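Asks: So the sequences go chain by chain: L and B. The first sequence runs 1 to 199 under the numbering used here. The second sequence runs 1001 to 1309 under the numbering used here.
Because the hints were derived from the structure by calculation, they are not lab data. Remember, it's a predicted structure, so these values are computed and weren't measured experimentally. Some hints here could point you the wrong way.
[Stated by the list, open to error] Calculated lysine to any residue pairs in the SDA-like style (CA-CA distance at most 20 Å, straight line): (1) Lys1081(B) / Ala114(L); (2) Lys1094(B) / Arg137(L); (3) Lys161(L) / Glu1250(B); (4) Lys161(L) / Lys1159(B); (5) Lys161(L) / Phe1227(B); (6) Lys161(L) / Arg1189(B); (7) Lys1081(B) / Gln162(L); (8) Lys161(L) / Gly1053(B); (9) Lys1081(B) / Ala4(L); (10) Lys161(L) / Arg1269(B); (11) Lys1081(B) / Leu103(L); (12) Lys161(L) / Leu1180(B); (13) Lys161(L) / Ala1178(B); (14) Lys1067(B) / Ile41(L); (15) Lys1081(B) / Glu105(L); (16) Lys161(L) / Asp1266(B); (17) Lys161(L) / Thr1177(B); (18) Lys1081(B) / Val48(L); (19) Lys161(L) / Ala1249(B); (20) Lys1307(B) / Arg1207(B); (21) Lys1081(B) / Gly20(L); (22) Lys161(L) / Ile1179(B); (23) Lys1067(B) / Arg16(L); (24) Lys1067(B) / Val164(L); (25) Lys1307(B) / Gly20(L); (26) Lys1081(B) / Ile41(L); (27) Lys1081(B) / Leu13(L); (28) Lys1081(B) / Phe59(L); (29) Lys161(L) / Val1100(B); (30) Lys1067(B) / Ala18(L); (31) Lys161(L) / Asp1080(B); (32) Lys161(L) / Ser1271(B); (33) Lys1081(B) / Ala176(L); (34) Lys161(L) / Lys1081(B); (35) Lys161(L) / Pro1183(B); (36) Lys1067(B) / Thr98(L); (37) Lys1159(B) / Val1100(B).
[Said to hold, decoys possible] Cβ-to-Cβ under 10 Å is the rule here; a few derived chain B residues that face chain L: (38) Glu1082; (39) Met1194; (40) Val1234.
Glycine included, C-beta positions come from ideal geometry on N, C-alpha and C.
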Amino acid sequence: MVTAAGLAPLAALGARAAFGDALGWDLGANPIEEVSHETGIWALRFLVATLAVTPLRRFTGWSALAPQRRTLGLLAFGWATLHLLTYAVLDVGLDPETLREDLRERTYIALGFATWCGLVPLALTSTRAATRRLGARWVTLHRLAYLCAAGGVAHYFWLVKQDVGPPLAYGAVVAALLALRLAPRGRRGAPAARSAPGA
Amino acid sequence: MLIRTRREIPAREITDERLVLRRREFLAGAAGLLLAGCGPPAGAADRPDFGPGHPFRTNEAPTEYEKATGYNNFYEFGTDKEDPARLAGSLRTKPWSVAVEGEVAKPGSVPLEDLLRGLALEERVYRLRCVEAWSMVIPWRGVPLGSVLARLAPTSRAKWVSFETLFDPAQMPGQRTAILEWPYREALRIDEAMHPLTILATGMYGRDLPNQNGAPLRLVVPWKYGFKSIKSIVRIRLQETQPATTWHAEAPSEYGFYANVNPDVDHPRWSQRRERRIGELSRRPTLPFNGYADEVAGLYAGMDLAKHY
Chain L
1 MVTAAGLAPL AALGARAAFG DALGWDLGAN PIEEVSHETG IWALRFLVAT
51 LAVTPLRRFT GWSALAPQRR TLGLLAFGWA TLHLLTYAVL DVGLDPETLR
101 EDLRERTYIA LGFATWCGLV PLALTSTRAA TRRLGARWVT LHRLAYLCAA
151 GGVAHYFWLV KQDVGPPLAY GAVVAALLAL RLAPRGRRGA PAARSAPGA
Chain B
1001 MLIRTRREIP AREITDERLV LRRREFLAGA AGLLLAGCGP PAGAADRPDF
1051 GPGHPFRTNE APTEYEKATG YNNFYEFGTD KEDPARLAGS LRTKPWSVAV
1101 EGEVAKPGSV PLEDLLRGLA LEERVYRLRC VEAWSMVIPW RGVPLGSVLA
1151 RLAPTSRAKW VSFETLFDPA QMPGQRTAIL EWPYREALRI DEAMHPLTIL
1201 ATGMYGRDLP NQNGAPLRLV VPWKYGFKSI KSIVRIRLQE TQPATTWHAE
1251 APSEYGFYAN VNPDVDHPRW SQRRERRIGE LSRRPTLPFN GYADEVAGLY
1301 AGMDLAKHY
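Bound-form chain L, shown alone (with noise of 0.2 Å):
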């Protein structure tokens, strides 16, 4: 159900680019920049919803996306992934020169990177098995995320021209979820705080 939801918007995508004119909602003028928006803010969107698992659970009670949360993980990643492979192949038409004087001369983009990078071993180690493997480290390696979602906010507040609004307010949510995060854990009498097994 969450995989649905997180597909829908590359449903959406897929039809604005074939059907947009019928649709009355086309990619618009600029449509390569327009995929490059829309991959970028649903990566962010499903990081920060992996972020606010944990604080929904401990400070509401509610405990439904908990499960979800490695499937949020990998949406977040692959719509990392689908953001890198649009600036890459089709922004930038993999020109190997054009990459590289990007990675070395644009601070966003270094940085966008660089979160991609951070997510890959993430995403490789969200097994089952990876967890029962790693252990205890497994729990170090995805504070990782945390330094992602402030690396994605960075990126984006680079980027925008002037309106900053936007990626402040991310950037505002991803601190909460942090805050939230190192807060004291709820004790006996706290509202609606039950504890749980595992982080």
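Assemble the complex: chain L is given as a structure, and chain B must be docked to it using the hints.
Replies: Below, chain B alone, put in the same frame as chain L:
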């Protein structure tokens, strides 16, 4: 140079023109699709298919009308590219006056029709290059700014020309937030203002400017980044000292006063070496002075263009 006097353009002709634009744009897009992934064709900058044309009327394919009027930076109506087309209906473009001030013989408020009275409207087909690294080709209708300034009789102290956009948050909802410091201001050095390429435009694609494109009167300076081509002008002031300009005041390290299109001077955060021509898939190389180097490079002889970006 072909000077066309104003004439009524029948609707039939406008429709034909749009079909032609679509066909050219489809060809350009199809070529782009074939070449996507291989980079732009060598010599794309020389336009072997269309030829350079005259600087006043490039032979490159004009951008599709829907895109030119539906993808706009006009923060007075919102910061999304689709906002101006959606929200600019609230702008009242008649009656319209321009306040003429400063180093001129007779300062005062001039109705728009008087400002341009007797001046033959010309068609100019110019490239427009946004600082965000996308570009269009637009057939403007207007008059040389120099002709308008000449009849205002500037004094010998007039070294700079500054312009201002309307400030009225009731008509321009984007002005209710301070995303930029309002009113929008831009300016030119007097020689840039008097240059034959510089025009005041009242129309595009054979009809009056739509509101989202800066109705009823805007500047077009094709060798500079698009933010210099100020829209919906209500004030023209000739002055002795260099005027402030909005984007330069907003982020001085990112947007200069001169803002000449220059592939060798990057924006601090993104490259200016390439651009996306709206309607095409592959990026193309950006040309010095947006391809108008022969006409304007001489204005900046001896200037360090990396310093005076």
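Asks: All hints are to be evaluated individually against the structure, with a verdict given for each.
Replies: To see whether the hints hold, each was checked on the structure:
At most 20 Å may separate the alpha-carbon atoms for a hinted pair to count; Lys1081(B) and Ala114(L) exceed this at roughly 29 Å. Using a Cα cut-off of 20 Å, the hinted pair Lys1094(B) and Arg137(L) is violated, with the two alpha carbons roughly 70 Å apart. Taken as a hint, the Lys161(L) and Glu1250(B) pair is honoured in the structure, with Cα atoms around 11 Å apart against an allowance of 20 Å. Restraint check for Lys161(L) and Lys1159(B): the C-alpha separation of about 31 Å exceeds 20 Å, so the hint is violated.
Taken as a hint, the Lys161(L) and Phe1227(B) pair is honoured in the structure, with Cα atoms around 12 Å apart against an allowance of 20 Å. Pair hint Lys161(L) plus Arg1189(B) does not hold up; C-alpha atoms about 26 Å apart against a cutoff of 20 Å. About 13 Å separates the Cα atoms of Lys1081(B) and Gln162(L), which keeps this hinted pair within 20 Å; it holds. A distance of roughly 34 Å separates the Cα atoms of Lys161(L) and Gly1053(B); the hinted pair therefore is violated under the 20 Å criterion.
With a C-alpha separation of about 30 Å, the suggested pair Lys1081(B) and Ala4(L) falls outside the 20 Å cut-off, and the hint is violated. Our distance criterion of 20 Å between C-alpha atoms is met by Lys161(L) and Arg1269(B), whose separation comes to about 9 Å. Taken as a hint, the Lys1081(B) and Leu103(L) pair is broken in the structure, with Cα atoms around 27 Å apart against an allowance of 20 Å. Of the pairs offered as hints, the one joining Lys161(L) and Leu1180(B) holds, with about 12 Å between alpha carbons and a cut-off of 20 Å not exceeded.
Distance restraint check for Lys161(L) and Ala1178(B): the Cα-Cα separation of roughly 15 Å lies within the 20 Å cut-off, and the hinted pair is therefore satisfied. Only pairs whose Cα atoms come within 20 Å are accepted, and Lys1067(B) paired with Ile41(L) is rejected, the gap being roughly 24 Å. A distance of roughly 27 Å separates the Cα atoms of Lys1081(B) and Glu105(L); the hinted pair therefore is violated under the 20 Å criterion. At most 20 Å may separate the alpha-carbon atoms for a hinted pair to count; Lys161(L) and Asp1266(B) meet this at roughly 14 Å.
A hinted pair counts as satisfied when its Cα atoms are at most 20 Å apart, and Lys161(L) with Thr1177(B) qualifies at roughly 16 Å. Between Lys1081(B) and Val48(L) the alpha-carbon distance is near 26 Å, which puts this suggested pair outside the 20 Å criterion. Simply put, Lys161(L) and Ala1249(B) have alpha-carbon atoms about 14 Å apart, close enough for the 20 Å limit, and the pair holds. A hinted pair counts as satisfied when its Cα atoms are at most 20 Å apart, and Lys1307(B) with Arg1207(B) does not qualify at roughly 40 Å.
Between Lys1081(B) and Gly20(L) the CA atoms are separated by roughly 17 Å; this keeps the pair inside 20 Å, and the hint holds. For the hint pairing Lys161(L) with Ile1179(B), the CA-to-CA distance comes to about 11 Å; that is within 20 Å, so the pair holds. A C-alpha spacing of about 16 Å is found between Lys1067(B) and Arg16(L), which places the hinted pair at or below 20 Å, so the restraint holds. At roughly 25 Å between alpha-carbon atoms, Lys1067(B) and Val164(L) are farther apart than 20 Å, so this suggested pair is violated.
A distance of roughly 44 Å separates the Cα atoms of Lys1307(B) and Gly20(L); the hinted pair therefore is violated under the 20 Å criterion. With a C-alpha separation of about 17 Å, the suggested pairing of Lys1081(B) with Ile41(L) holds against the 20 Å cut-off. A hinted pair counts as satisfied when its Cα atoms are at most 20 Å apart, and Lys1081(B) with Leu13(L) qualifies at roughly 18 Å. Of the pairs offered as hints, the one joining Lys1081(B) and Phe59(L) is violated, with about 40 Å between alpha carbons and a cut-off of 20 Å exceeded.
At most 20 Å may separate the alpha-carbon atoms for a hinted pair to count; Lys161(L) and Val1100(B) exceed this at roughly 32 Å. Of the pairs offered as hints, the one joining Lys1067(B) and Ala18(L) holds, with about 18 Å between alpha carbons and a cut-off of 20 Å not exceeded. Of the supplied pair hints, the one linking Lys161(L) and Asp1080(B) holds, its CA atoms being roughly 11 Å apart against a limit of 20 Å. For the suggested pair Lys161(L) and Ser1271(B), the alpha carbons sit about 13 Å apart, so the restraint of at most 20 Å is met.
A C-alpha spacing of about 31 Å is found between Lys1081(B) and Ala176(L), which places the hinted pair above 20 Å, so the restraint is violated. With a CA separation close to 12 Å, the supplied pair Lys161(L) and Lys1081(B) stays within the 20 Å bound. The straight-line distance between the Cα atoms of Lys161(L) and Pro1183(B) is roughly 19 Å, inside the 20 Å bound, and the hint therefore holds. Among the hinted pairs, Lys1067(B) with Thr98(L) is inconsistent with the structure: their alpha-carbon atoms are about 27 Å apart, more than 20 Å.
A threshold of 20 Å between alpha carbons decides the hint, and for Lys1159(B) with Val1100(B) the separation of about 15 Å falls inside it, so the pair holds. A hinted interface residue such as Glu1082(B) counts as satisfied when its beta carbon comes closer than 10 Å to some beta carbon of chain L; here the least separation is about 7 Å, so the hint holds. At its closest, the beta carbon of Met1194(B) sits 31 Å from a beta carbon of chain L; the interface hint therefore is violated under the 10 Å criterion. Taking 10 Å as the C-beta cut-off, the interface hint given for Val1234(B) is violated, the closest approach to chain L being about 23 Å.
Of the numbered hints stated above, those contradicted by the structure are hints 1, 2, 4, 6, 8, 9, 11, 14, 15, 18, 20, 24, 25, 28, 29, 33, 36, 39 and 40, listed in ascending order.
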